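In order, the protein sequence lines correspond to chains A and B. Numbering follows the working numbering, with no gaps: position 265 of the first sequence is 265. Offset between the second sequence (1-based) and the working numbering: plus 1000.
Everything labelled a hint here was simulated from the structure, so no lab data went into it. Among these hints, one or two may not hold up.
[Stated by the list, open to error] Calculated Cβ distances over 10 Å to all of chain A for the following chain B residues:
(1) G1010
(2) L1029
(3) P1033
(4) L1036
(5) L1068
(6) T1072
(7) A1221
(8) M1268
(9) E1308
[To be verified] Listed next, with one range per pair, are the computed distances between beta-carbon atoms:
(10) E169/A x Y1031/B: 38 to 44 Å
(11) Q1020/B x E169/A: 41 to 47 Å
(12) V1177/B x L8/A: 46 to 52 Å
(13) D1133/B x A300/A: 45 to 51 Å
(14) Q20/A x D1030/B: 27 to 33 Å
(15) P206/A x L1023/B: 38 to 44 Å
Keep in mind the model is a prediction, meaning the values are calculated, not measured. Think of the CB as a built atom: it goes at the ideal place given N, C-alpha and C, for glycine as much as any other residue.
Protein chains: 2
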Amino acid sequence: MGTVSRVLNGNTRVSDATRQRVLQVMEMLDYRPSRLASGLSRGRTGSVAVLVPFVTRPSVVTRLAGVLAVLTSEGIDSVVCDIETADQRDRRLEALTQRHSADGVVIVSLPIPRESVQRLRQMHIPVVAVDADIPGVPRVLIDDLAGGRMATEHLLGLGHTRIGFIGDEREGRLGFVSTARRLAGYRQALLAAGVACDPGLIRRGPHGAEPAAAMAGELIASPWPPTAIFAASDTQAMGVLRAADQAGLSVPHDLSVIGFDDIEAAEMLRLTTVRQPLRTSGVKGAEMICAVLAGHPRPAVRELLPLEVVPRASTARLRRQRAPATRPALTGA
Amino acid sequence: MGTVSRVLNGNTRVSDATRQRVLQVMEMLDYRPSRLASGLSRGRTGSVAVLVPFVTRPSVVTRLAGVLAVLTSEGIDSVVCDIETADQRDRRLEALTQRHSADGVVIVSLPIPRESVQRLRQMHIPVVAVDADIPGVPRVLIDDLAGGRMATEHLLGLGHTRIGFIGDEREGRLGFVSTARRLAGYRQALLAAGVACDPGLIRRGPHGAEPAAAMAGELIASPWPPTAIFAASDTQAMGVLRAADQAGLSVPHDLSVIGFDDIEAAEMLRLTTVRQPLRTSGVKGAEMICAVLAGHPRPAVRELLPLEVVPRASTARLRRQRAPATRPALTGA
DNA sequence: ATGTCCGATGGAACCGGTTCCACGCCCGGG
DNA sequence: CCCGGGCGTGGAACCGGTTCCATCGGACAT
């Protein structure tokens, strides 16, 4: 009945006596309203879908935590979808076009086909993106290009010129582009410093510490190895640290390593890194979707979050410049 | 209309011609069924709530990933709730008693008050637990006591007798008990080996690598320091490694360290640890809830997952046994 | 040829709130 | 004293599928 509904929702237009009576009866019957019924008549589900790739990655889960915190505090259910393949992604996006699937969608670190965005827009399902540059969608991200530059400039500033780069492979299954942009920043910085860019110092492969360690091992073992390595993520930087250790190189004495993201483990490992506000990105994204759901028809803003080099113990000034020739000699011994 | 519903759901009792016609019309109208309406009349939401504490912890998120994978493949939405305080937990559990909130609940690594379980049972909402020993609830967990013993025995087997213990504080905000049980296992193993248990070697504090590092630093700096440390989680073991490094101790030469869980980073750090099947635990929990939802009224099984010591490079045989007296002498020098 | 049975189909009640609308009551102004 | 207005309340339509039930038609057996 109408009055009960009024009691349940706002306190609009109900006499205090009636309210008390209704509440008392609800208490007696141990009555609990049905979210489905409420949602159906109201046309909203009270939930938001959160699409994240590889949920176990520290950077992703930190963003996710930020999203969850905000949505929870707003009383919105978070339907988390872990995406590991393009197929899964498309299937999930398709499912979201079903009516009353979710009131909104938060996309985290995931490139989305343009037509999928169109579909969602047609269904009037608001979308925001975190760490994904999706045109026409409110989004919060970082300037990967600048980040790549900053990391490289940090190493250049320490006197390094043979700087290796380790990042994700060009064609990840999901088409991430941040590695490419950080690499571009790396190239820009080298160019600006007048340092030649040796393609042999660039390695790209599957994400993860293990593959990164393998690639770093190759660089280290090469005839003219780098004195510093820029890893496109902290996870990969961890692999580089491991490779250095295994090769008997001391960090930062023999090799400087800089990562990207500033995940929790970075601090523990004393890893110099380019910090990006991971949790904040999730918080902002969630706040955006909440704003849209609350009826503020926000324009498709594109907010850039600040980056910052956090110097720790994994980078140091290049030791006494040696002639490149000495190194092969040592290796040959 | 009835026929449309039949086409949407099972292929029961619809002539092929009609089905085609219906499908064609649906196509034309770009019709998408409403999950809410379907759910309402059917009495199910098609979603399961997943309660996880501190979602950013590697062990937790790995379990969560297992849960998500199964639920997704079953076409069930996962409503993830990050729980950080007892208050949040209770609020969330209360919300779940609302009708049509979720078809089931998966509790991960979270102790739950008995009465909350009762409430959910009353509402006929099935519950399963992962890494939480909740009486009367189907659950999958490990034998923390045995795990503590195994870790300690590994160190004892390497000749260590002064073995430190570092774990979570007694009264975490959420009342975890695994540290206590692992500590009990540690004591059992020492007792069985006839090694005296020095309370001064036991430190408990807030979870996290940082506090663990601080505690380990204390142990290391003590007059009669341990030669090995058992950390109740890999995260804490990372802190121990850091403390050792900072104290100039080489692992495992000067100090052996064993962790617990075998999170991803453990392998990279070459950390010896007690492996528990994290992802599998999530998978099993999700499978359990699916079985119950599918109508198999499972008894409250209590499945124990296997544990295994994974020897890596952070533990080694105790160096030449020195008389305990020598150490204070050295320190005094 | 006719009765019977089964499978396909349309209709209607129902899931459980929300919201609009109309009605009745009370109060104040004319 | 009567009338208008506004607030509080009950009623009913509605959100959009699901499911049960009755009906209808065709095939098969007698």
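These are the hints, each one checked on the structure:
No Cβ of chain A approaches the Cβ of G1010/B within 10 Å, the least distance being about 18 Å, so the stated non-interface status holds. Listed as a non-interface residue, L1029/B keeps its Cβ farther than 10 Å from every Cβ of chain A; the least gap is roughly 12 Å. Listed as a non-interface residue, P1033/B fails to keep its Cβ farther than 10 Å from every Cβ of chain A; the least gap is roughly 7 Å. Remark: the non-interface label on L1036/B conflicts with the geometry, its nearest Cβ contact in chain A lying 4 Å away (cut-off 10 Å).
A beta-carbon of chain A is positioned within 10 Å of the beta-carbon of L1068/B; the least distance is around 5 Å. The beta carbon of T1072/B is not kept farther than 10 Å from every beta carbon of chain A, the shortest such distance being approximately 7 Å. Residue-level check passed: A1221/B sits 19 Å from the nearest beta carbon of chain A, beyond 10 Å. Against chain A, the non-interface label of M1268/B is violated: not every CB pair exceeds 10 Å, the least being about 5 Å.
Distance to chain A confirms E1308/B as a non-interface residue, since its nearest Cβ pair spans about 20 Å, more than 10 Å. Checked against the given bound of 38 to 44 Å, the beta carbons of E169/A and Y1031/B, roughly 41 Å apart, stay inside it. One distance hint, 41 to 47 Å for the beta-carbon pair Q1020/B and E169/A, holds here, with the actual separation near 45 Å. Checked against the given bound of 46 to 52 Å, the beta carbons of V1177/B and L8/A, roughly 39 Å apart, lie outside it.
For D1133/B paired with A300/A, a C-beta distance near 49 Å keeps the hint of 45 to 51 Å intact. With their beta carbons about 48 Å apart, Q20/A and D1030/B fall outside the hinted range of 27 to 33 Å. Taking the beta carbon of each, P206/A and L1023/B are about 41 Å apart, inside 38 to 44 Å as hinted.
Against the hints set out earlier in the document, violations occur for numbers 3, 4, 5, 6, 8, 12, 14.
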